[in-house]
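Those protein sequences? They're chains A and B, same order as listed.
So for the first sequence, this note's numbering puts the first residue at 1; every next one is plus one.
So for the second sequence, this note's numbering puts the first residue at 1001; every next one is plus one.
For the record, the hints were derived by calculation from the structure and aren't laboratory data.
All C-beta atoms, glycine included, are put in the ideal place defined by N, C-alpha and C.
One or more hints might be untrue.
Said to hold, decoys possible - Pairs of lysine to any residue residues, derived as SDA-like cross-links and limited to a Cα-Cα distance of at most 25 Å, are as follows:
| hint | chain 1 | residue 1 | chain 2 | residue 2 |
| --- | --- | --- | --- | --- |
| 1 | B | 1121 | A | 191 |
| 2 | B | 1104 | A | 8 |
| 3 | B | 1104 | A | 4 |
| 4 | A | 14 | B | 1025 |
| 5 | A | 159 | A | 182 |
Stated by the list, open to error - Chain B is nowhere near these chain A residues, computed Cβ spacing over 12 Å in every case:
| hint | residue |
| --- | --- |
| 6 | 3 |
| 7 | 12 |
| 8 | 26 |
| 9 | 32 |
| 10 | 36 |
| 11 | 46 |
| 12 | 87 |
| 13 | 91 |
| 14 | 137 |
| 15 | 138 |
| 16 | 158 |
| 17 | 186 |
| 18 | 207 |
Letter by letter, the chains look like this.
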Amino acid sequence: MDLPRDVLCTIFQKLGAIETLMRAQHVCSVWRSILKDPLLWHTIDMSNSGDMDFQLGIMCRRAINYSCGHLLHINIKNFGTDDLLRHITDSTNSLQGHENKIMASVYVDAEEPLCISGDSGGGIFIWEIAAPFRQDPLRKWSEKKDWRFSGIHSLTVSKNRSLYTGSGDRTIKVWSLKDETLICTMTGHKYVVSTLAVCDKVLYSGS
Amino acid sequence: MQKTEGEESKAENEEVKQVTLMTSDGVKMKVEISIVYEMEIVRSFIEVNDADHSVPFPLPNVSSHTLDLIIELVKNEYDDEFMKTFSHDELKEVLVAANYLNMKTLLDFIATAIANLLEKKSVEFIRNFFNIVNDFTPEEEAEIRKTNEWVFQDLDED
Chain A
1 MDLPRDVLCT
11 IFQKLGAIET
21 LMRAQHVCSV
31 WRSILKDPLL
41 WHTIDMSNSG
51 DMDFQLGIMC
61 RRAINYSCGH
71 LLHINIKNFG
81 TDDLLRHITD
91 STNSLQGHEN
101 KIMASVYVDA
111 EEPLCISGDS
121 GGGIFIWEIA
131 APFRQDPLRK
141 WSEKKDWRFS
151 GIHSLTVSKN
161 RSLYTGSGDR
171 TIKVWSLKDE
181 TLICTMTGHK
191 YVVSTLAVCD
201 KVLYSGS
Chain B
1001 MQKTEGEESK
1011 AENEEVKQVT
1021 LMTSDGVKMK
1031 VEISIVYEME
1041 IVRSFIEVND
1051 ADHSVPFPLP
1061 NVSSHTLDLI
1071 IELVKNEYDD
1081 EFMKTFSHDE
1091 LKEVLVAANY
1101 LNMKTLLDFI
1111 ATAIANLLEK
1121 KSVEFIRNFF
1131 NIVNDFTPEE
1141 EAEIRKTNEW
1151 VFQDLDED
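Bound conformation, chain A alone (with noise of 0.2 Å):
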């Protein structure tokens, strides 16, 4: 019997995204191409037990695919990757904000994820990326602008939830993630701040 596309359409979200990215999509050639219908990607919740982030990372940009930028709520709780984030800031026009090139995104794992994405006129915006997802970023500030340098470059967050923003000006600058305020800022390099990362309460610095 030929199910109506309906019916068909109402099974797939009942499945949810991880078993129709797993198998629905490889019964046929007619559920492949239903399955690529941007609308059906409205909406990815890859709800799931934390075990097998691997391969949700792949299934994910898929379903970031199919939604051809029309994508307005993810669950991608357990695996977010800043590479992931990247993917869907690069794939999706919902997230619309930034005047200046983005240049660094980063995934906060809280209790409400959030992601951070820095641009090149110094501009740092924090996103709510749970469902429901808000096309307009949560709070938005900038470092204070200099002629001669460009914007953030790198980004990372630490356990006690503070920010640090690698920038054009070679300087790595603290935030209090709480109110925005500047905490410090550290002088050393000599060329732009190319990449950050926290491990064991140290912070790590590339130029």
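Following the hints, complete the assembly by docking chain B onto the known chain A.
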């Protein structure tokens, strides 16, 4: 049955109102109006026409057996245990009928049940369930297997 006017209005107050439905295999079934109201396709018709309920409403896409199952499901307030007695064919027939009759709650219930049945099952199981022929070419199939090796692991027994 012949009734005088007075008797009829009295009967209406006491008895549950019913609507007659005509199934695809020509069976006329009297169904309680509370159940019929869940079928948007019939409901909209009844409401607009303030209808003469004695004329059977035709359901050319629903068999009497499927309608029986649907009525029992609604009467049992969507009982999981009862639904588990359905064969795969019955599940699919109820699914398609629920869509045709535009029964939102039933469609939701039955789609969830089928999704649960298909969860963690092989692609082959899903094809068998829906009588779908695998129309991918061997090359496409090999490509899928290559790029999705892990898809075929960690499955429940069919």
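Here is what the structure says about each hint:
no.	hint	in the structure
1	B:1121 <-> A:191	54 Å, violated
2	B:1104 <-> A:8	15 Å, holds
3	B:1104 <-> A:4	15 Å, holds
4	A:14 <-> B:1025	32 Å, violated
5	A:159 <-> A:182	17 Å, holds
6	3	7 Å, violated
7	12	9 Å, violated
8	26	5 Å, violated
9	32	9 Å, violated
10	36	15 Å, holds
11	46	15 Å, holds
12	87	18 Å, holds
13	91	19 Å, holds
14	137	35 Å, holds
15	138	33 Å, holds
16	158	34 Å, holds
17	186	43 Å, holds
18	207	38 Å, holds
Consistency with the previously given hints fails for numbers 1, 4, 6, 7, 8, 9, ordered from lowest to highest.
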